[in-house]
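Novice: Chain by chain, the residues:
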Amino acid sequence: MKKYLIFIIPLLVFTSCKKFLDVQPESDVTTEQLFSTEEGFREALNGVYTACAGGNLYGGNLTVSNLDIMAQNYTFSDVNYQKIASFKYKEDLLKDKNSTIWSSAYNAIGNCNQILQVIDKQKGIFSGSNYAIIKGEALALRAYLHFDLLRMFANSYKANPAGKGIPYVTSVGIKSTPFLSVQGALDMVINDLRDARTLLSGTDPIRSASYVVGYPNKVYPDGFTGKKQTETTSSTLFLQNRRHRLNYYAVCAELARAYLYKGDYANSLSNANDVITAGKFPWTAKEDAFNANVQQRDRIFYDELAFAWYIPKSNDMMVALFTAANVAPYQPTPLQLDNIYEKSSVGAEDWRYRQWFYTATDVTPNRSYLIKYLTNSTPLTNLHPLMAPAIRLTEMYYIAAEATYDTNPAKAIDYLNTVRTHRGIIDPLPATLGKNAFVTELVKECRKEFYGESQIFFMYKRLNLDIIAPSGLIYPASNNIFVFPVPDDEQTYNH
Amino acid sequence: MKLTFLYNAVCAIRRVKYKFLLVLKLTTILLLVGALHLSAATYSQTVTLRGNNKSLETVFKEIKQQTGYLFFYNETVSIKGKTVNVNLKNIPLADALTACLKDNGLSFTIVDKTIVIQNKVPEEKPAEVVNKISISGQVIDSVSKTSIPGVNISIKGTRGAIGQSNDKGEFLVTAEPGQTLVFTFVGYKSAEVKITGATAIIVKLLPDISNIKDVVVTGYQVIKKDNYTGNAITVSGADLKRNNPQNLIKSIQSFDPSFRVLDNNLTGSDPNKLPRINVRGATAIPSINDDILNRNNLSSNYNLPAFILDGFEVSLQKVVDLDINRIESVTLLKDGAATAVYGSRAANGVMVITTKAPIAGKLQLSYDYQLTFNGPDLSDYHVLNARQKIDYEQLVGLYKTLTPTSGDTRQEDLDAQLFTRLKNVASGVDTYWLSQPLRNAYQQKHTLYAQGGDQSFRYGINMRYQTQPGVMKGSDNTRYSGGVNFTYNPSSKLIVRNDLTVTQVNQANSPYGNFSDYVNANPYFPMRDSTGALLQELANWRINTGRQGGLQYVTENIFNPLYEASLSSFDKSAYTEILESFSADYKITTGLRLKALVSVNKTNSTADKYVSPLSSAFFNTATDKLNNRGSYDYGSNSNLNIDGNVTVNYNKQIADHFFNLVLGANILSARSDAKSFSAQGFSNDRFSNIGFARIYKENSGPFGNVIKSRTAGGFFSGNYAFKNRYLLDASVRIDGSSAFGADKRFAPFWSVGAGWNLHQENFIKGSGISQLRLKGSIATLGSISFPAYQSRSIYQYQTSNWYSTGIGATVLGYGNSNLEWQKTKTYDIGVDLGLFKDRLVISPRYYYKLTKGLITDINLAPSTGFTTYKDNLGDMSNKGYELYLVANAFRSRDWNVNITGNLAHNENKIVHISESLKAFNNNIDGFQTNTDNNAFSTPLTRYVEGKSLTTIYAVKSLGIDPENGKEILVKKDGSLTYVWDVKDIQDVGNTAPKAEGSFGTTVTYKRFMLSFNFHYRFGGKTFNQTLIDRVENADPRYNVDSRVLEQRWKQPGDHTFFKNIADLTDTYVSSRFVQKDNLVELQSLYLSYDFNPASIRKIGLQNLRLSATANDIFRTSTIQAERGIYYPFARSLTFSIQGSF
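Keeping their order, the protein sequence lines are chains A and B. My numbering numbers the first residue of the first sequence as 1 and each following residue consecutively. My numbering numbers the first residue of the second sequence as 496 and each following residue consecutively.
The hints are all genuine.
Here are the simulated SDA-like cross-link-like pairs (lysine to any residue), alpha carbons at most 25 Å apart as the crow flies:
(1) B:Lys608 / B:Thr578
(2) A:Lys97 / B:Glu1410
(3) A:Lys97 / B:Asn1354
(4) B:Lys1104 / B:Arg974
(5) A:Lys97 / B:Thr1426
(6) B:Lys1218 / B:Gly1086
(7) A:Lys175 / B:Ala1237
(8) A:Lys19 / B:Ala1237
(9) A:Lys95 / B:Asn1429
(10) B:Lys1203 / A:Phe20
(11) A:Lys19 / B:Ala1091
(12) B:Lys627 / B:Val677
(13) B:Lys1365 / A:Gln33
(14) B:Lys1203 / A:Gln24
(15) B:Lys1413 / A:Ser176
(16) A:Lys97 / B:Asn1418
(17) A:Lys121 / B:Leu1307
(18) B:Lys1413 / A:Tyr493
(19) B:Lys627 / B:Pro587
(20) A:Lys95 / B:Glu1410
(21) A:Lys18 / B:Ile1202
(22) B:Lys1097 / A:Phe20
(23) A:Lys313 / B:Arg1124
(24) A:Lys175 / B:Gly1236
(25) A:Lys90 / B:Asp1479
(26) B:Lys1097 / A:Asp28
(27) A:Lys90 / B:Trp1475
(28) A:Lys97 / B:Lys1478
(29) A:Lys175 / B:Asn1354
These stretches of chain B come out as covered by chain A in the derived footprint (C-beta under 8 Å, 3 or more residues):
(30) 1190 to 1201
(31) 1225 to 1234
(32) 1357 to 1364
Quick caveat, the hints were computed from the structure, so don't treat them as lab data. Don't be surprised by glycine CBs; every beta carbon is placed ideally from N, CA and C.
Given only the sequences and the hints, what does the whole structure look like? Please build it.
Specialist: Following this line, the structure appears as structure tokens:
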């Protein structure tokens, strides 16, 4: 018997080996552990937003970087920035930055796909409408990121729908996804967004009447009887601040954008109208934009944002880029601003011109600083957190205007005038503008509104417009300036 | 004998206590006997007694007078009032005693010269008593001729012992003539003696493991070296200690040329830095995310051998902190046959360490004291003095403004600076900064060891206190350890052993900072101001950075490094380790044994680093952040390792077939739990406790990381010999590790080895060749030193970066569940040749190792969401040879001269690598050319198929053009240029030497022993970093190597090594600085004297040895480079006194 025991002991060791070697990490979390609870899904979704709000994407590069420089919003003395402003895509500086944008965006998409590949199997663990919210947002994020990549790294739809697009990635793995045509990729974007809209339409708390948009730090006067904001009142942190995530209206707005890119005016208009007519996003009041108390002043028109990224971590970068004394590299000349905002004709009282810039006259030549993103450092707080605007209510008016003009020019011009009114421009546009004049006015308006937000570059590209440098130099509209080269790594390893 | 209490305390087991008392009694007798031995020899062996009613006491007294024999009896024997009537004349003593005692109910036994009186046992049958005779004698070791205490004596064919030898090896038993006595003792072969008569006998026991050098301890087996086909180097603890009493790791490399402690020119002789080790070349490519850009940082963790201490795996730190006095032997296993039994851990070799087991006998105390003098070795530093330095600065134009634009320092300010410094020099300021942070350090070590016990229970207690202050002031390493171990064999079938060791190690890094700061400091700066207080800021420079706006001009402060040391800042760490191991060895039948071993190793370590608010690091703190000055970093780590194994050993000789087989299984579980946090905001230099901190460090949070890893495996290993001629080793092992993908956890490893003992064949016997063995082996091995969770997809929580709607988690990377072991295939052949009765032994070896499936990063299309993932792709080979020589050059009664030498050569080659590593080379190019990284003058590691990991990459240079003092460089296409281009970087040499090794001699003369050991290497190349950094690129604002003033090009026609002295542009890495690396150094010199045991016995000592060892005292090299950049190297001299009583 003893002899048998000797052989049984090693055998016993072996049988339990497989289990013994399956070590579960304690301070790290594996995919299986994370997606075994609803909280895990929420954290994974928040993770995508955190990644997107980082400096590589919307907390930096995609809001206040190359796209904004290429829109000729600033005047640089630095050679490197001049290279960017003149579309020298083959320079290492631009290559590196584009490569970072590409890989970071696909990394965020990968994180969406991690959620999407398991969420249906785990449907049973969700409470309330969280399944629909999380899945809807993950789909919308995937589409949002792909759409921006498509707008950067492929020719515009208008130029050539069959041109080489981007890989539309919907699975997790090391196998690379082939490139689609621009049209193919755009259709995928629209599909995902439509699915997201369906999922969110009945479940997103923002659609509820009790959800009121407003400033979290607003001090309401005594006896205030209006609607107070309820954005931060949910007892579930995950369901607060819907406008910081891809809510139902943001998805509609993104759909309006995508349809417009495709030239599908009808669908574009109907989605833009969903946002405009929802009445969720009030126009910024003048007393908020011009409040004498800097802590109660709103420079970014927070209430009008249908969707924006929460980026308090980017504050130091914003200061370094725009407002650091003497060394801030992103500075327009006062003359440049006067031209953009048409100071000599309609712009002198434009809120944006007055509130977004500060001109230092004690140095020669005079410098202007963009103070749109200025926050008051602790212990002083702003009216709202530091945000990177993603989709504004005004953009829906612009889209509606563009999509309407062919059928109803007067209505289109009315959309534009509505925005101008709420920006302090007193003179309305005449209701009889010709198509070209209308487009010119629309682009001028967009340029003013999107200053420091990068969207104007996409508009130039979509409409195939020449880009004019502050010096007067014209960069003719072409794929040479509009299409970012696909990074070398992707070309090499995407088989 | 005052220490008896200690013995009693340990021997709680009654049985043991009883035996002890018995031993003690006999000891008393025999001590007395010994004292009287000489005079007693003159007494007669017959007695004459007369008288009636004589009391027994009187009779005994008379017998004692006549024979010199002593009487011994205890209180149970009553002789009071007992009388005899006797009339005996010249009767033999025994007959006389019988006559006297038979009517008094007493019996006697004669033990040597002592007569033991006993009560006659009534139940004893008279017939037996009559037949039994007393046998006395001594048991000695047949080799060392020393006595063996505690030997069990039994009668063949009966059960149970009838006696034991005492502490002098002497024994007294009774038995019948014709019976056979069997003498058995652990570690010895049993001996049998047939009894013929009552004579004193000497029994010689042959050690079972006669000599450490004749066996190979693989950790699971002990195999006769003669029958072993593997490649193993075995070194005794005493030899190791003789070679280097301070550093076990450094000591071993003298015995095996393939075991290399890599030079670390940065950390020098810092007592708190772990060595980097390489055995037979590298078998892994470091992860490209590691900080491996600089060759000096090339991580060798992946290439570490496995360390096995008494059967279980331990860390390198444990080996470094091990008390060298505790080591019985160290065996290095390198090839497949030797290491296959460790399978997954063995790709880089295995170092098997056994510690001393207690020896039975009377309590033996030994004490060892070491005193080491450690002195810094500054012989490679040649810096300018104050006068020379100012001359040099003026020569390079440091006091002339180059571009007289608005922001630059004005000429009058520069003039003022120059005159202040000249005034300093004139007034006698010539600070020798180099010596300021250094000291001669005195290191002490006390080791106390007590051991004793009998054959069934033996114990050992050890204590150690060791201080190892380094040569930089304040750098310190203090070790305390204590341990208790015992072996207990309740029956001849079971041996139980238990070891418990507690170690405390305290480490402190020098508050003086980096040694390079002192090398750089200008000698014309005084250390103190006129009041005698230490200066904080020595000077400041206004520098034009070439950037824009406010960043264009920056002020660079030159701080006094000594000022830092005057603050209360500290950087220290400590750990406590509890190591408990228990083993049981059960003999099932003859030759078949079951062994089980379990060990638990618990280590708690802490690290504390405080930087005073007054430190120069906070000199330029913004005024609104003044309350955040001072910082404290705290970290703790708790490790728990559990290691268990079970083996069945079978050891049998059947006719001419000899088998040594082992079947076993082992498991290993390791868990490390690290936590750390940082605080800042200290008000006062002296209030350094973390409790005084104002806040946590800005933008930081607490950190925690738990790493768990497990391995499990089963193996079979067999060693077979036929007639001691034909040898076969084979092993197979299956190992599983949690680090690998769920689908690839288990992997098989195997080895086969064969050998032929030609010297056992008749055609060799008697030919003068005493030993000739051919052997070879093939094996596959693995290694597992990889991150614990790399085969899994891990989510990371963004704890310090919450989104407005909650915390986010993002996936870190793609977990490759197909990740598997990287495997190394090894081929090894060797010859052992012994001539002239083995007075000359030569052992050449050749090996080839091919590591396949190297775990490296694989590039992915970024659209997958990942840029790289880990996979098994890449092959690397190492081949080389080794040669060992041992010669007994001269031998006489008083003299013995041994000569040893060894040599090794290794060639590393990258056979195949992944695309990502190739792409990595491009990144390296970028890194090298970016001056912000300060790497333009350092050759960086690149990965090229067909090249080696030790290849030096630089641009080829033809030297300095005598025409213009510029460097002539060779482009990749062969054309010449003056312009350095990173694309022209190519292979310009290899640091691997043609050969390296050691040679030495041991001379013994009577009780003196002298030995020395040289280390040498030749045929390799080295990039002389000093020449480029400290001479050619020397920053004239800091002190520089004295060669800057010599050998520089000054005018056309000068044939020089260095370029134009007026050329202040940076020199980039080029082959001009690649030099031959030939080296001879005296690693150790040892002298000892053993006192004559006879002369020291009077003062109660058994042995006493005085010895002295000098380490690293001589060095000659073809390279003149500064050594020990952050911490200087040291020379040491150790005196040691060792005694036991």
